[in-house]
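Participant: Sequence:
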Amino acid sequence: MDTAHYGHEMTRSPEMRILSPSITSMMQWSENQKLLPIGSISDLPDQCYAFMKKCDYPPADGRRERLLRLFNVPEFVASRTCFELNGFSGYRASFDETTERKHVTSCTTWFRYLVKMVRKISAKDLKPSEEGDEYAKDNDEYIWFEMTVFTCWDYPDKCRVLCVDIPPDCSAELQMTLQKRATALDFRDPFAMHADLVDRMIIYSDIAVWRVRDPVRVLEKSRLRMGQIFEPIHDISRHAIHISEVLEAAVETLTEIRRFQEEIHADLFEDLGKTYKQRAREYAQFQLSLVKNMKLRSDSSMERLKNEVNLAFNNIARQDNSVMKSIALLTMIFLPATFFSALFSTTFFSFDNNEWKVSSKLWVYWATIVPATIIIVILWRVWLASSDRIAKFLGAGMEWVKDLWKRGGRAPKPGEVEDP
1 MDTAHYGHEM TRSPEMRILS PSITSMMQWS ENQKLLPIGS ISDLPDQCYA FMKKCDYPPA
61 DGRRERLLRL FNVPEFVASR TCFELNGFSG YRASFDETTE RKHVTSCTTW FRYLVKMVRK
121 ISAKDLKPSE EGDEYAKDND EYIWFEMTVF TCWDYPDKCR VLCVDIPPDC SAELQMTLQK
181 RATALDFRDP FAMHADLVDR MIIYSDIAVW RVRDPVRVLE KSRLRMGQIF EPIHDISRHA
241 IHISEVLEAA VETLTEIRRF QEEIHADLFE DLGKTYKQRA REYAQFQLSL VKNMKLRSDS
301 SMERLKNEVN LAFNNIARQD NSVMKSIALL TMIFLPATFF SALFSTTFFS FDNNEWKVSS
361 KLWVYWATIV PATIIIVILW RVWLASSDRI AKFLGAGMEW VKDLWKRGGR APKPGEVEDP
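Its first residue numbered 1, the sequence shown is counted upward by one per residue in the UniProt record's numbering.
Just so you know, the hints here were simulated from the structure itself, not pulled from any lab data. Where is the CB? At the ideal position from N, CA and C, for every residue including glycine. Errors might be hidden in some of the hints.
To be verified - Simulated restraints, written as ranges between beta carbons of each label pair:
1. Phe230 x Met324: 21 to 29 Å
2. Arg92 x Ser289: 24 to 32 Å
3. Lys325 x Phe230: 22 to 30 Å
As the list claims (entries may be wrong) - The calculated lysine-lysine pairs, modelled on DSBU-like cross-linking and capped at a C-alpha distance of 35 Å, are:
4. Lys158 x Lys306
5. Lys120 x Lys54
6. Lys127 x Lys180
7. Lys306 x Lys120
8. Lys102 x Lys274
Please model the complete structure; the sequences and the hints are all you need to start from.
Facilitator: What follows is the structure, encoded as structure tokens:
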């Protein structure tokens, strides 16, 4: 995956897209952009998604740590170690220790979810299986979205979500999803704003999987010449391996988020109700199952690529076999002529004064050729049957010769002990 550092174009006042519910209706969400100083991110709306570009994310020189500190995120999460991983997840909760029932007063979560978007195939090769936007820029073959999310919830209903390096259409798509909901989000739930955002991430994973699957299908249908097939197979295999890797990491991430959710729901001051909590758990499990099945689809693309490689090797072997058969046929055609030409050119035959003469010693030729041919055939059969033992014997003989050479050509006497 790409390992470009965040923040190489960092400004002190990064531009963010803010998605927040309307004051008059929680079913209406509006988006606006503003320059927000790093130190005043706590002035965001009480409930909002904040989207920050990768280039605006602060570098790990103290500014990133200050930003994450506002979300109560451990400083180690800001380190290069974490931001070079293909995924992570964690949460931190604070409790009211003064009451008998120690309920949650604040909750912070952080997780990382990667997607590799390959360029869409050309419509003239095959109709794309999905209708998503083209995310790869200019002449790039792919682009990484290293989506990192930080959420901060404070009792009773204050919830902010910071999203870094999200696809450019995510905020608009998420806004439409939120406004189509049958019921408004319940911000008493620290995980209320996770589900719809994770849905968008899963959609991006689905697009990524199909954009590897489509080139595989084109490759299967094209049947390129043997010398031309290995380079595209190598490139597609590399993308498929990356996507399967990040999907495996995504499965672990969503599994942990589901566990965090169950633990926090059990310690909330206001009971969300059994139905709400049960549905939240079931939906989190549903999201997890989707990603697991996408991983299976991605793995199947790799298996199909392996089949193409095996087919290519089999075709090459078949082609080589055809060439060898052609050479053998030519040899068989010319062998009789070569044999008789060599035979009649020996001194057993002479043609002087227009008179053909055959030597009375011709039997010597057959007496040597026939046994020699039989011996060669027998040796060949013995070699095939005992090649391993013969090779081992010859190897031992070579070792003995090397030892003899080291001693100056003198073989050890019986009972003589060799120097260590």
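Participant: Could you check the hint for me, namely that Phe230 and Met324 are 21 to 29 Å apart, CB to CB?
Facilitator: holds (22 Å)
Participant: Would you mind confirming whether the straight-line C-alpha gap from Lys120 to Lys54 stays at or under 35 Å?
Facilitator: holds (23 Å)
Participant: Hey, Lys306 versus Lys120, does the alpha-carbon distance stay inside 35 Å?
Facilitator: The given pair, whose Cα atoms are some 22 Å apart, holds under the 35 Å limit.
Participant: Please check whether Arg92 and Ser289 have a Cβ separation lying inside 24 to 32 Å.
Facilitator: Check passed, 27 Å falls within 24 to 32 Å.
Participant: Holds or violated: are the alpha carbons of Lys127 and Lys180 at most 35 Å from each other?
Facilitator: With a Cα-Cα distance of about 30 Å, the restraint between Lys127 and Lys180 holds, given a limit of 35 Å.
Participant: Holds or violated: are the alpha carbons of Lys158 and Lys306 at most 35 Å from each other?
Facilitator: violated (51 Å)
Participant: Within a Cα-Cα threshold of 35 Å, do Lys102 and Lys274 meet the stated pairing?
Facilitator: Measuring from Cα to Cα gives roughly 20 Å; hence the hint holds.
Participant: Falls inside 22 to 30 Å, the C-beta gap from Lys325 to Phe230?
Facilitator: holds (25 Å)
Comparing the model with each numbered hint stated earlier shows that hint 4 is the single one that does not hold.
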